[in-house]
Amino acid sequence: MDADAAPYPYEGPGDLRLPIERALRRVVDPEIALSIVDVGLIYGVTVHDGQLALRITMTSAACPVTDVILSDIETELDAVLPPQLRVQTEVVWDPPWSTERLSARAKVFMGW
Amino acid sequence: MLVVATLLVAAVIGGLLRAGLAFPVPADQAWPGRAVVSHAFLMMSAFIGTVIAIERAVALKARPAFVAPLLSALSGIAMLLGFGPVAGWAAVAAAAAFIAVNGLIVERQPAPHTVLLLAGATCWLVGNLLAALGSPTFAVVPWWFCFIVLTIAAERLEMTRLMRRRRGAAVALYACLGAMLAGAAAFALWPVAGGLVYGLSLVGLAAWLIVFDIARRTVTTHGLSRYMAVCLLLGYGWLGMAGAAWVAASFGVPARDAALHALGLGFVFSMMLGHAPVILPALAGVKLRFSGVFYVPLALLHGSLLLRLVPSGRLDIGAAGNALAIVLFIATVAAAAIGWRLQHPPRPFRHAAPASD
Numbered sequence: 001m002d003a004d005a006a007p008y009p010y011e012g013p014g015d016l017r018l019p020i021e022r023a024l025r026r027v028v029d030p031e032i033a034l035s036i037v038d039v040g041l042i043y044g045v046t047v048h049d050g051q052l053a054l055r056i057t058m059t060s061a062a063c064p065v066t067d068v069i070l071s072d073i074e075t076e077l078d079a080v081l082p083p084q085l086r087v088q089t090e091v092v093w094d095p096p097w098s099t100e101r102l103s104a105r106a107k108v109f110m111g112w
Numbered sequence: 113m114l115v116v117a118t119l120l121v122a123a124v125i126g127g128l129l130r131a132g133l134a135f136p137v138p139a140d141q142a143w144p145g146r147a148v149v150s151h152a153f154l155m156m157s158a159f160i161g162t163v164i165a166i167e168r169a170v171a172l173k174a175r176p177a178f179v180a181p182l183l184s185a186l187s188g189i190a191m192l193l194g195f196g197p198v199a200g201w202a203a204v205a206a207a208a209a210f211i212a213v214n215g216l217i218v219e220r221q222p223a224p225h226t227v228l229l230l231a232g233a234t235c236w237l238v239g240n241l242l243a244a245l246g247s248p249t250f251a252v253v254p255w256w257f258c259f260i261v262l263t264i265a266a267e268r269l270e271m272t273r274l275m276r277r278r279r280g281a282a283v284a285l286y287a288c289l290g291a292m293l294a295g296a297a298a299f300a301l302w303p304v305a306g307g308l309v310y311g312l313s314l315v316g317l318a319a320w321l322i323v324f325d326i327a328r329r330t331v332t333t334h335g336l337s338r339y340m341a342v343c344l345l346l347g348y349g350w351l352g353m354a355g356a357a358w359v360a361a362s363f364g365v366p367a368r369d370a371a372l373h374a375l376g377l378g379f380v381f382s383m384m385l386g387h388a389p390v391i392l393p394a395l396a397g398v399k400l401r402f403s404g405v406f407y408v409p410l411a412l413l414h415g416s417l418l419l420r421l422v423p424s425g426r427l428d429i430g431a432a433g434n435a436l437a438i439v440l441f442i443a444t445v446a447a448a449a450i451g452w453r454l455q456h457p458p459r460p461f462r463h464a465a466p467a468s469d
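Sequence order for the protein chains is A and B. Oh and the first sequence: position 1 is 1 in the working numbering, straight run, nothing missing. Oh and the second sequence: position 101 is 213 in the working numbering, straight run, nothing missing.
If you are wondering where the hints come from, they were derived from the structure by calculation, not from laboratory data. Check before you lean on any hint, since a few could be wrong.
Here are the simulated lysine to any residue pairs, SDA-like style, with alpha carbons at most 25 Å apart [claimed, not checked]:
#1 Lys-107/A x Gln-221/B
#2 Lys-173/B x Trp-112/A
#3 Lys-107/A x Pro-224/B
#4 Lys-107/A x Leu-427/B
#5 Lys-107/A x Val-92/A
#6 Lys-107/A x Ala-281/B
#7 Lys-173/B x Lys-107/A
With the C-beta cut set under 7 Å, the calculated list includes, among others, these residues of chain B facing chain A [claimed, not checked]:
#8 Glu-219
#9 Arg-220
#10 Pro-224
#11 Thr-249
#12 Gly-316
#13 Leu-392
The C-beta atom is built at its ideal place from N, Cα and C for all residues, glycine as well.
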């Protein structure tokens, strides 16, 4: 495990860390033209016992596109994960998302 | 979805007939006449209200939350069928249910933008109550616009969190929205003062959005993100012009059509055209393949609105162009859905279903 190298807490086989991160970076919120990784929506990924568990938040509880983002995540992960690995996504609201979670790239884009 | 489309079509036909367009309608049926009289109710409360309520119910992921859009859609159908009082009180019940939904969202995420959404829902209730109690449409319409504008402002406020907020920005926004509510409240009793305050608040809100919204940054990107930003920025321009028209109309200048439709079509529909490619997949379960064709109905909407609202313009031709833009947009969305399906043929999915806390 190399948690420090990932933009979110990661536990699991080292050889899957980068493919998973690249897949998640391909999921872009078109409203803000940033990936969900750069916005800081991913709270953590764990690969264990044949299952990938992903915890994610949204910037707004009133956002109706949550399921679309989850579907996009699964589509992207589906393309890079071994066939036997199942994916479990969980939307969490605690801790709430804040601008501190924006990546350096996102902050530059947004004029911080 | 069919009911929602019916409400949109009826509201558009009502609008075209109001604009004086010789539109062929069945002479032996009463609903076109009702669509003319109830154009504002059908468009703002029944159609847009239902769409917004569906959005929020999808976000909340709770079946009872769909009571609000169901009642709202039924209110529109009841209005078209000639059951005016039933329609009025069904709309009141829809707004009351929608307030409850927004209350749950505030509970889930107490934040300025969720509180603003709740305030917008309350404006919908005020407008629907006034309508059900028989207030004249000119006194009700400002409240329906408050509902829609506050909802959009709340959604944009949530997005502006991504940028470093300048000191005083939040206070300036609340001052604009507070003035808008005060103008709506005053409009029925003191139309000049109410219209002036209402119009100035819209101008202020337009300036706020142009300065603080992320659209000025995302417009430099490409594809769907840039298209959405273009829709937003064009909408903010019309919002400012609508504000000026409200001010002018309050002083007797014949600018009422501009005041209503720069706001309703230029601002609100531009927002809807911009967000539909993102929201429709969530609401209807269909994904869209974005392309530059989406700019065609957008250009037609804004071009025809300009033709309609400039002093020497043509109301009937402009209104026809507005309606054509909406039809063209629906056709574009349908083609984009087919395009996406052709690019992504169905395949068996092997993963576990998502969970939510």
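Status of the hints after comparison with the structure:
1. Lys-107/A x Gln-221/B: OK: Lys-107/A and Gln-221/B at ~23 Å, within 25 Å.
2. Lys-173/B x Trp-112/A: 34 Å, violated
3. Lys-107/A x Pro-224/B: 22 Å, holds
4. Lys-107/A x Leu-427/B: Answer violated: Lys-107/A to Leu-427/B is near 46 Å, above 25 Å.
5. Lys-107/A x Val-92/A: 23 Å, holds
6. Lys-107/A x Ala-281/B: 19 Å, holds
7. Lys-173/B x Lys-107/A: Not satisfied, since the Cα-Cα distance of roughly 31 Å exceeds 25 Å.
8. Glu-219: Nearest chain A Cβ about 9 Å off; hint violated.
9. Arg-220: 4 Å, holds
10. Pro-224: 11 Å, violated
11. Thr-249: Result: violated, 29 Å to nearest chain A Cβ.
12. Gly-316: With a closest approach of 22 Å, the Gly-316/B hint is violated.
13. Leu-392: 10 Å, violated
Checked against the numbered hints above, the structure breaks hints 2, 4, 7, 8, 10, 11, 12 and 13 and satisfies the rest.
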